[in-house]
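Respectively, the protein sequence lines represent chains V and U. Residue numbers for the first sequence follow my numbering, beginning at 1 and rising by one. Residue numbers for the second sequence follow my numbering, beginning at 1 and rising by one.
Same chains, same names: a pair is fine if it fits in one copy or spans any two.
Think about it this way: if two alpha-carbon atoms lie no more than 25 Å apart in a straight line, the pair counts; the simulated SDA-like pairs of lysine to any residue are:
{"id": "1", "residue 1": "102", "residue 2": "30"}
{"id": "2", "residue 1": "50", "residue 2": "16"}
{"id": "3", "residue 1": "50", "residue 2": "5"}
{"id": "4", "residue 1": "50", "residue 2": "77"}
{"id": "5", "residue 1": "50", "residue 2": "65"}
{"id": "6", "residue 1": "65", "residue 2": "52"}
{"id": "7", "residue 1": "50", "residue 2": "18"}
{"id": "8", "residue 1": "102", "residue 2": "87"}
{"id": "9", "residue 1": "65", "residue 2": "47"}
{"id": "10", "residue 1": "50", "residue 2": "6"}
{"id": "11", "residue 1": "102", "residue 2": "32"}
{"id": "12", "residue 1": "102", "residue 2": "26"}
{"id": "13", "residue 1": "102", "residue 2": "29"}
{"id": "14", "residue 1": "65", "residue 2": "75"}
{"id": "15", "residue 1": "50", "residue 2": "9"}
{"id": "16", "residue 1": "50", "residue 2": "86"}
{"id": "17", "residue 1": "65", "residue 2": "19"}
{"id": "18", "residue 1": "50", "residue 2": "13"}
{"id": "19", "residue 1": "50", "residue 2": "17"}
{"id": "20", "residue 1": "50", "residue 2": "7"}
{"id": "21", "residue 1": "65", "residue 2": "39"}
{"id": "22", "residue 1": "102", "residue 2": "73"}
{"id": "23", "residue 1": "50", "residue 2": "82"}
{"id": "24", "residue 1": "50", "residue 2": "89"}
{"id": "25", "residue 1": "65", "residue 2": "46"}
{"id": "26", "residue 1": "65", "residue 2": "93"}
{"id": "27", "residue 1": "65", "residue 2": "96"}
{"id": "28", "residue 1": "102", "residue 2": "28"}
No lab work stands behind these hints, which were simulated from the structure alone.
2 protein chains.
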Amino acid sequence: MAQYSPSLDGVFGALSDPTRRVVIGELGRGPASVGELARSTPMTLPSFMKHIRILESAGLIRTAKTGRVRTCTLDRERLAVVDGWLAEQRAIWEARTDRLEKFVSNPQEPS
Amino acid sequence: MAQYSPSLDGVFGALSDPTRRVVIGELGRGPASVGELARSTPMTLPSFMKHIRILESAGLIRTAKTGRVRTCTLDRERLAVVDGWLAEQRAIWEARTDRLEKFVSNPQEPS
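Generate the whole structure from the sequences, applying the supplied hints.
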């Protein structure tokens with residue numbers, strides 16, 4: 001079943017934290033270093049790095065180190081798994097509405 | 001900032017578990033009792049009830065007890081917060097693409 005998807009677990013879990021959603025929003029404007037991203041939060045760098053690692057494990061961002069600077073880049077395609085899951089749900093709802101409409105117009109027929 | 005939303009924390013957190021996503025999918029077909037929903041999983045009823053409570057706390061489902069039967073209903077509107085957040089991200093990406101296009105066509109102008 002498509003809903004048993006480890007990637008969905010990771011992506012939804014990563015998005016359940018406000019700091020991580022802010023990072024996703026910031027990286028939507030373009031790549032940024034961990035130092036630049038950390039400036040928008042009051043937390044320590046090691047605490048912030050935990051969030052970066054969770055985003056990276058979920059595949060939502062990629063990071064690369066050049067010298068002492070680690071640059072983060074958003075992987076927009078990864079967010080598409082959320083769109084895909086929502087589309088699956090809508091398909092279920094529409095199928096239900098179709099069945100209900102069919103029943104209302106032909107209540108005798110077995111559905 | 002819209003991204004600091006406790007409701008988004010709860011909704012994304014609730015969706016990060018495969019059992020809870022299956023429940024959302026099942027309830028998309030129509031209301032069902034906790035007993036009916038629990039049949040699709042190998043877990044004990046108390047463990048399953050924890051998932052139901054998390055979905056209820058996130059506002060994704062409503063439950064009502066009649067006699068010994070607790071019936072669950074999906075609140076589709078609550079899933080719209082996910083659509084809203086994704087739309088915000090897309091708006092950020094499009095604004096970035098617009099800035100890049102402007103820069104490519106008028107590299108002298110300050111962006």
